[in-house]
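Peer 1: Chains A and B, in that order, give the protein sequences.
The numbering of the first sequence is our numbering, which starts it at 1 and goes up by one.
The numbering of the second sequence is our numbering, which starts it at 1 and goes up by one.
These aren't lab readings, by the way, just hints derived from the structure by calculation.
Treat each hint with caution, since some may be false.
[Unchecked claim] Estimated spans, in silico, between C-beta atoms of each pair: (1) B:102 to A:370: 39 to 45 Å; (2) B:75 to A:292: 34 to 40 Å; (3) A:128 to B:129: 34 to 40 Å; (4) B:148 to A:292: 57 to 63 Å; (5) B:231 to A:241: 47 to 53 Å; (6) A:238 to B:129: 57 to 63 Å; (7) B:268 to A:307: 42 to 48 Å; (8) A:307 to B:176: 38 to 44 Å; (9) B:64 to A:33: 53 to 59 Å; (10) A:370 to B:288: 27 to 33 Å; (11) B:315 to A:128: 20 to 26 Å; (12) B:88 to A:147: 55 to 61 Å; (13) B:63 to A:212: 55 to 61 Å.
[As the list claims (entries may be wrong)] Partner residues are not named here, just some residues of chain A that face chain B (Cβ under 7 Å, in silico): (14) 53; (15) 55; (16) 57; (17) 111; (18) 112; (19) 113; (20) 377; (21) 379; (22) 380.
Just so you know, these numbers come straight off a predicted model, no measurement behind them.
Positions of the beta carbon are idealized from the N, C-alpha and C atoms, including for glycine.
Read off the chains here:
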Amino acid sequence: MIQQSLYEQVLDYANRANPYPLYAQLRQTPITRQTDGSYVVSTYREIVSLLHDPRIGSDFRKRSVRERNPAGSQINQEPVSENQAQEAGAEVSSPNQGSETEVVPSFIGLDPPEHDRLRRQATWPFGPPHTPGRVAEMEPQLIRLANQQIDTMKGKASIDIVEDFAYPIPVTMISELLGVPYEDQPHLHALSEAIIEGIDLDPQESPEERKRRQEQSGQTFKELENYMETLIERHRKKPGSDLLSGLVIDYGPDGPMSQADIVSTASLLLIAGHETTVNLITNGMLTLLRHPDVLERLQHEPNLVIRLVEELLRYEPPVQILPNRVALADINIGGTTILKGSPVILLLASGNRDSARFPDPDKFDPDRRDNMHLGFGSGIHYCYGAPLARLETQIALTELVRRLENPRLMNEPPTYRQSATLRGPRHLFVEIDGVRD
Amino acid sequence: MSSSDTEKMVSSIQRIVIVGASLAGLSAAEALRSEGFSGTLTVIGDEPYVPYDRPPLSKTVLTGWLPVDHTTLPQRADLHAEWLLDVPAIGLDLRNHKVELADGMRFSFDRLLIATGTRARPWPDSAQASLDGVYLLRTRNDAAQLRARLADRPKRVLVIGGGFTGSEVASVCRELDLVVTVTERSATPLIGAIGSAVGTLAGQLQRAYGVDLRCNVTVMALEGDENGRLRRAYLSDGDILDIDVAVVALGAVRNVEWLRDSGLVFDSRGIVCDAACRAFDTNGMVTDNIFVAGDVARWPHPLYEGELLAVEHWGNAVEQARTAAHNMVCNPADRWAYKTLPAFWSRQFGVNLKTVGLPSFADEVVFTQGSIAERRLVAVYGYKGRIVAALTVNMARWLPAYKAMIEARAPFPPVIHALYGLAEHGPVPAGFPPRTHSSTQAGSGPSTLRPKESSTSTRVKDPHVPPGFQPK
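Isolated chain A, as found in the complex (with noise of 0.2 Å):
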């Protein structure tokens, strides 16, 4: 039995529950290398550093570590940084970048200058300047759609968040903002669903059965892109005044996308747009939960709900490592040099627990002040989909505590999703004596 590092016990499934722990020992050295020649960071100020540092990448293509490891000191294991190419793939949008198969990366995993002409392409159409209104205006469907959910768990007595509230709102909405039609988005669903089952790794699996599930992932990943190609034709033909019409015909400056690049950053839009808001709303419900006077106090201050979310962003990040960033020269930071070309893996969510940082950092604290979270990460990456995934938590939270009738947590903890880096329940049972109208 081989002693496990600690970052492999972060990744390792017992401990999806509850990380933390295992972050502020981490936290104890803040920068250390892994065996593998990869550094984890687990400290705030570190992160940050790195985070605008203009000698880290993002495209892991330019990664040479394997070059400088003499073959056979890797004992027995797959290499970590295998494992963390996968993962970053979910955020790449192509597991099956690499392989035979080559794909376009999508921004999340280009650096500039690719990553920042693409980047405002993609904004060009999504936000200020051109387009300011955008995340604003879906506020009374977002209203609407939560409120449909919450009717269907009328006469219930137990319903599953996950399942019956968290994931249909931001796929639904992701869809709609792509302008992916109703009777399309089961299909979608499914196809996305698969794909991040496919990245899903389990740590335990043999690797002629990981081998065989990336592969089918990168197969629903080809089938994924066919739609959208065909998608995309629909738009050009008649377009409307989604986001993939505004990718199609409404560019800026910097002309219209090709063709491909549409297809890898729809794609990236689509399966981000699934992924992390459904766990942030999760683990939203489930700190409220595991908080009742916080659950108390917001149903009677809705206007708790914007701070609330942004200390949930610190305190239960639904994207809790970044794991695809690479050096591209040697950096010296935190008593340590980053040797060029080594996998950097940066523990946002560890960061956000940094006692240097934030004052009590344990504590969910919704009155925080000088809250300036990693939840979105930061620099030239920072999340895209934020103003969205605020919107739709900060509502689906408000909507769920006013009118759900005394809620109880079923299952302490509930059970998670594979993903380490990606994290949230997988199921989120909660008993309810009704719904209010």
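Place chain B on chain A using the hints.
Peer 2: Just chain B now, kept in the frame of chain A:
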């Protein structure tokens, strides 16, 4: 407000007066209340408005996108302050702790904050300055009048001075598809703030946007018709321009005159204070009840060899005022030193320009990231082998990394191996005008007029030089 915070406050302070109903004045008032000050708070302003935001005045207000009355600054809470607007302070009595206003009112104080800021430097010839069509741009009223005039689509606008205000006005003119000429007495626009090496790129950008930019050129005279309407400008390159509108953008003059005979140390470069924002009296002693913040303050910055800096930037007004407010009411042992790095931004000709640190301190500059062709750039400024400032064009997300290097006094030129790196370019001379009095130099704000070394004869002819102005 916890009880321990209250204990930290000096309880004998009952009356605080802030002179300057500005961004700095408002920031200080808010900070005083959140520090727990519960006494009488009086804010005095010479304009008829509660504090408003100035950066939009040369940008979105001029284009017509933002109505001028939408620039009022939000107030986070009821400050329970007494606002005395539209009445300037005209005197300070240090011995009796009193401020005198133009209407004869006198206010006693236990603590005074001076945040009187600056005003636009006027055109030196008052007859020419009063021609219909000659504008300054500093206040809300200035902006409203200039906006109305630009909306009438003048045939040609002349902008006198290529600093930040002048460049932003020229940018708005091009956005409105107006013909615009900019005269700049130096070799490039923005030279005082960012140097000629980067200023050259700013000049190229202006020309690419269709500005008739004339560097090393000054305006010798403005001429009107018999009705007093501006008609012509005579330039030092011999050209005579037919114009309807001239915007005088020659930098700022500090509002310090009201302090004459007060016994405080001040001159045209500002009011001298220590790092705790406390003013000095003419005996060289630091006062314990008079504080200074914003454009009008000059203080020693530890990162810049203790030079007295005056920084005319938005962020400086906010941060220095907060520091001053804290120091006004805290116990002596809890005082903060003001050592925030200067930072500013501008929007012009389709680019976002931001800096951190003090570029004008530098002797050399090197481009580290971006692409000049794509108008995206990081420039790093160095002085005697260390990094003192950085500037980004459309790449502001990288600034925090460079800020950390400045604070760490990192070596220059930096060896970065940055993403989106530029092929090695330099370093090259930063190209700031010579600093003849380095130990007492005023930090260059976006629109500080830098005196050019020139012979007495040209200085007399040059209407840029206001009467009585002595180049330092």
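Peer 1: Checking each numbered hint in turn, tell me which of them this model violates, lowest number first.
Peer 2: 20
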